[in-house]
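Participant: So you can see what is in the structure, the chains are spelled out below.
4 protein chains.
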Amino acid sequence: MRFFSDNAAAACPEAMAALAAANRLDTAYDGDALSKRLDGAFSELFETDVRALWVATGTAANSLALAALCPPHGSIVCHRDAHIQNDECGAPEFYTHGAKLLLAEGEGAKLTPDSVAALLATVRDDVHQVQPAALSITNATEYGLVYTPDEVAALGELAKARRLGFHMDGARFANAVARLGCAPADLTWRAGIDALSFGFVKNGGMSAEMLVFFRPELAGATFYRRKRAGHLLSKGRYLAAQVLAMLEDDVWLRNARAANDSARALAEAAGGRLVLPVEANEVFLKVTPEEAAALRADGFDFYDWGPGEARLVTSWDSDPAHVEALAAAIRAL
Amino acid sequence: MRFFSDNAAAACPEAMAALAAANRLDTAYDGDALSKRLDGAFSELFETDVRALWVATGTAANSLALAALCPPHGSIVCHRDAHIQNDECGAPEFYTHGAKLLLAEGEGAKLTPDSVAALLATVRDDVHQVQPAALSITNATEYGLVYTPDEVAALGELAKARRLGFHMDGARFANAVARLGCAPADLTWRAGIDALSFGFVKNGGMSAEMLVFFRPELAGATFYRRKRAGHLLSKGRYLAAQVLAMLEDDVWLRNARAANDSARALAEAAGGRLVLPVEANEVFLKVTPEEAAALRADGFDFYDWGPGEARLVTSWDSDPAHVEALAAAIRAL
Amino acid sequence: MRFFSDNAAAACPEAMAALAAANRLDTAYDGDALSKRLDGAFSELFETDVRALWVATGTAANSLALAALCPPHGSIVCHRDAHIQNDECGAPEFYTHGAKLLLAEGEGAKLTPDSVAALLATVRDDVHQVQPAALSITNATEYGLVYTPDEVAALGELAKARRLGFHMDGARFANAVARLGCAPADLTWRAGIDALSFGFVKNGGMSAEMLVFFRPELAGATFYRRKRAGHLLSKGRYLAAQVLAMLEDDVWLRNARAANDSARALAEAAGGRLVLPVEANEVFLKVTPEEAAALRADGFDFYDWGPGEARLVTSWDSDPAHVEALAAAIRAL
Amino acid sequence: MRFFSDNAAAACPEAMAALAAANRLDTAYDGDALSKRLDGAFSELFETDVRALWVATGTAANSLALAALCPPHGSIVCHRDAHIQNDECGAPEFYTHGAKLLLAEGEGAKLTPDSVAALLATVRDDVHQVQPAALSITNATEYGLVYTPDEVAALGELAKARRLGFHMDGARFANAVARLGCAPADLTWRAGIDALSFGFVKNGGMSAEMLVFFRPELAGATFYRRKRAGHLLSKGRYLAAQVLAMLEDDVWLRNARAANDSARALAEAAGGRLVLPVEANEVFLKVTPEEAAALRADGFDFYDWGPGEARLVTSWDSDPAHVEALAAAIRAL
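Residue numbers (this note's numbering), protein chains in the order written: chain A, 57 to 389; chain B, 57 to 389; chain C, 57 to 389; chain D, 57 to 389.
These aren't lab readings, by the way, just hints derived from the structure by calculation.
No false leads were slipped in.
Straight-line Cα separation of at most 20 Å, EDC-like style, residue types lysine to aspartate or glutamate; simulated pairs: (1) B/Lys-92 with B/Glu-304; (2) B/Lys-92 with C/Asp-182; (3) C/Lys-92 with B/Asp-182; (4) A/Lys-92 with A/Glu-273; (5) D/Lys-92 with A/Asp-182; (6) A/Lys-342 with A/Asp-360; (7) D/Lys-216 with D/Asp-170; (8) D/Lys-92 with D/Glu-304; (9) A/Lys-342 with A/Glu-380; (10) D/Lys-92 with D/Glu-273; (11) A/Lys-92 with D/Asp-182; (12) A/Lys-216 with A/Asp-170.
Looking at chain A on its own, in the form it has when it is part of the complex:
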């Protein structure tokens, strides 16, 4: 009964069926019929003209986005606990050719205009320091919190005022939208986002993530950077197929809702043990080492998350029986 990561989940039936359907000869790279539909499909979803590129990983999507927004001699403001800082082995530095990440504070890996402004105030405007060029937030955050459209917009205004490109790492964007019930546009470009890493893999995809540019002119160099990074897959149609299948009939939203619902069930069982509110599909729990061991002895698999805490992650395919069993086990601690 695995709750250690939504990365470990299966691919959803719709994605698998799409792969089978795409399994025929077509033009290579992104010249195929499916890949060519992506700009249109995402422009429709976001109610504006976008450029939508597939890549194989969220790390690639994030790094390509940041490279589009920040020069090598610039810096990127993000949260101290951001995935781009802690979990990508320096991919942003690799893709940007050595830009610096500036680390801001905030509860639950969530930035606020105040925390960002405080950080920016420490940078001198002279040639001896790298100058801030981009702001990156994660929604839902690494701690399962969700930025509302208003919260994003407040940061977007700051970004605009300071001339910072604004990137959203949406590895769990679907979970955020599912939670908020808002239009994807409200959470992104209408709130000032320039580029979105739109995650599909954690949410039932097999191997495709999307990089969406809300300012089409930003996309130009990225086509070269993607190729140059080895991310222009020669049979790109299989990536497009998965993504298009998950857009159809809002599979992406349905999957995310399922994951969120499972997390909420665990949250209700956890009660006072919650470290943070549960707003997406991650549950952070206060547990003693003995309690963690007891849960593991009962067959539940999850990560410790610092001393006295555990992280439980649900996914689109979390087995309701497993969730129920885990909820019961938590109550019984």
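Using the hints provided, position chains B, C and D relative to the given structure of chain A.
Facilitator: Just chains B, C and D now, with coordinates in the frame of chain A:
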């Protein structure tokens, strides 16, 4: 009737079945049961202890290999027509942080010890010039020629004498082995190869290529570089699954033989029109613009390849009827 | 009466005379007679076999040292207030091709084994995080404190245990040695230092800094990196000349003592206004904006350093009359 | 009697005097009074509004210029024998983060619109190839030929038509202008040049080269790149001083004329032995190994330049007696 690239082919049934079989929860990244079997499977195939890493593209495999063999201030000797020089948008330069490619000559994109030595002789051994650190060949070459084990070994000796790391771009390694009927070991480490990009996608895979290090100590930093480049897919088990399925019962060899056989059929039809001998799955044909147009009018799709030449590529799934029809059309020119 | 930076000082007479003496035809780059004497001169000074390379700036020396000690996918532990983090516009990231700086805490920009160990403990040993590869300290620190040989050695032991290369930014190394009265060897390689940026410019040089490797094998690639970075000056003899002249008769130590003495005079005048002890040639003073304005009105030039603080820097050529006047003005506040 | 490189020459008296005059406290980096005069002085010289930055080497000037004109995923067209390709240890690749150099042909290291156009025609306009972004020529060339304003302008038109930034490596720009007697503006921006590396060191400077941007908006990021590369010297006033002194009273032109005159004297002596016309301060001579040995036995120092050729370089301070002696020795061969 498409003959423009083996990149455009479908994934083979064995790969598709393996994806379906792998479609269940497992550990993320390369911690899953399938990925863990790769070192063993490739060590067995190559009859020596290797490290075998999946990536999503041949460009990534090539670039990671070259970054393991060449420092930023070094250079890589390759053929003027090499894929790494002409078709990867500078990926080797990106991954090596700016190493230089030195371009050697040779018929059919094939290097010889003489052409390599002649190039090396132009480099001064001083700090004002980047120093050669690696040699890279493509087998089968970009023009469908095949290096024999002896030919590779002759280059391998030169590489060893000059202290050059030795890389083989094996996007069509299977086609070369199928042609030669040799042991994979004979064509690689026994001939001095340090790192092999072992192609599966052109040969019936969907999205997995392998990077094989014959000197395991070379692999160390590559795990970090792969992650840093965004090539550590979170659901890596699907990549391992494809590859393992194609190793089983020599599917990879069977597929390559099928592609080679189709090419040979076209070669026989082409006769004196052949630009180069056909040794793998590519056929380069002398045709006038009018003849090319006539073939296209008959429904055959392919690339022009310089003035008065056309490139025909067969694949594992080339339809025998299409091949026969094309052969007939060529004869009828 | 300028006290804003030792960077602003003149070149000392010995350096100027050496430039004039070197003003004749000689072999270019570092092939001249003077440059060839550097390894020997610094090996003698440090009582061990070293490699000593001139460069034009401390930023270049620091960055080349760090590039020798840390791969692109590694990280460098330094103080949050380190010059390499705050004042070099990302030069370490440029030269290392995107390594990350990890920022540790400590009073007066001084690291301790505890603060470094605490930072290292936050890094997971997995491929998703850049792994620490180097430790860098500044001596004298950016706040004018001095590490003793024992303090360096304690950090050196930690570095060795964690397999970290150990770099000292010695932009004011002379001031540290002058203060401590120790052998240069005791403060460097005997305490575990692998590479030293040995500053001459702030101490009376015109345009030459030295990069000293205490493990000669580390220097190899640096010759290429230096050229590649545009730091192999074609008339390198003028750099060697300055440095050799300042080594002769311990001019470097005499200059540093003069600067330290001036700072001490200011420190005595400052009394309770001192933010930190004055151990080298920098004085950090608590002053109100009104007091700072008063000093400036009296003709003293210096930087504000955060709210309510001022930085006064003395140099080898600080005019005793100016120092005395400033001391009096501080007392009179 | 050394004729192996103008890099080996002394600094001229005007430069030395300027260093002495600048040897007083002033603001650090490029904030000093002398550095601030550079934009104006070069704007006057070039009769247009320019940005003029000092750096310590021509390699740095070239690389910073190229980084301003070419993205990492672009390429730079230059001659196969260009200094940026052969003598800078990959500095352009380092500064541009991995751009590619495309090598064109031409007698005497001189490009023509035809040779450039022929090379450009080999590049496919797709994402698999790096796209040409800049053109770089050397004037005078590495073989001592001089581009006339018309020749530069013809290349400039091509550059403009293909949207290529246009760089001139002017390590011996002074020699070219001295030869042509034209306005510096005619040889640069009026002919389409965007950025010029204006050499002073070979021409009597000690340690300062100038990077001149004829489109001021190109300079912006270069200030950061210069700092980041460790080329913002803290006592920059000494660099500015040399350069300003050499601009005054046309010292730079006078020095270059002297070097050219010496070369012309050698050329007249060489007669039919000349490999190429002598248009600046380099003489390429056909000599047998025995003849070369005989010249060396007579006390003349120079480089062999390929089989059967020797390179003789004169400089601003070539001793007339030495020149006369060498001319006589050549005649006597």
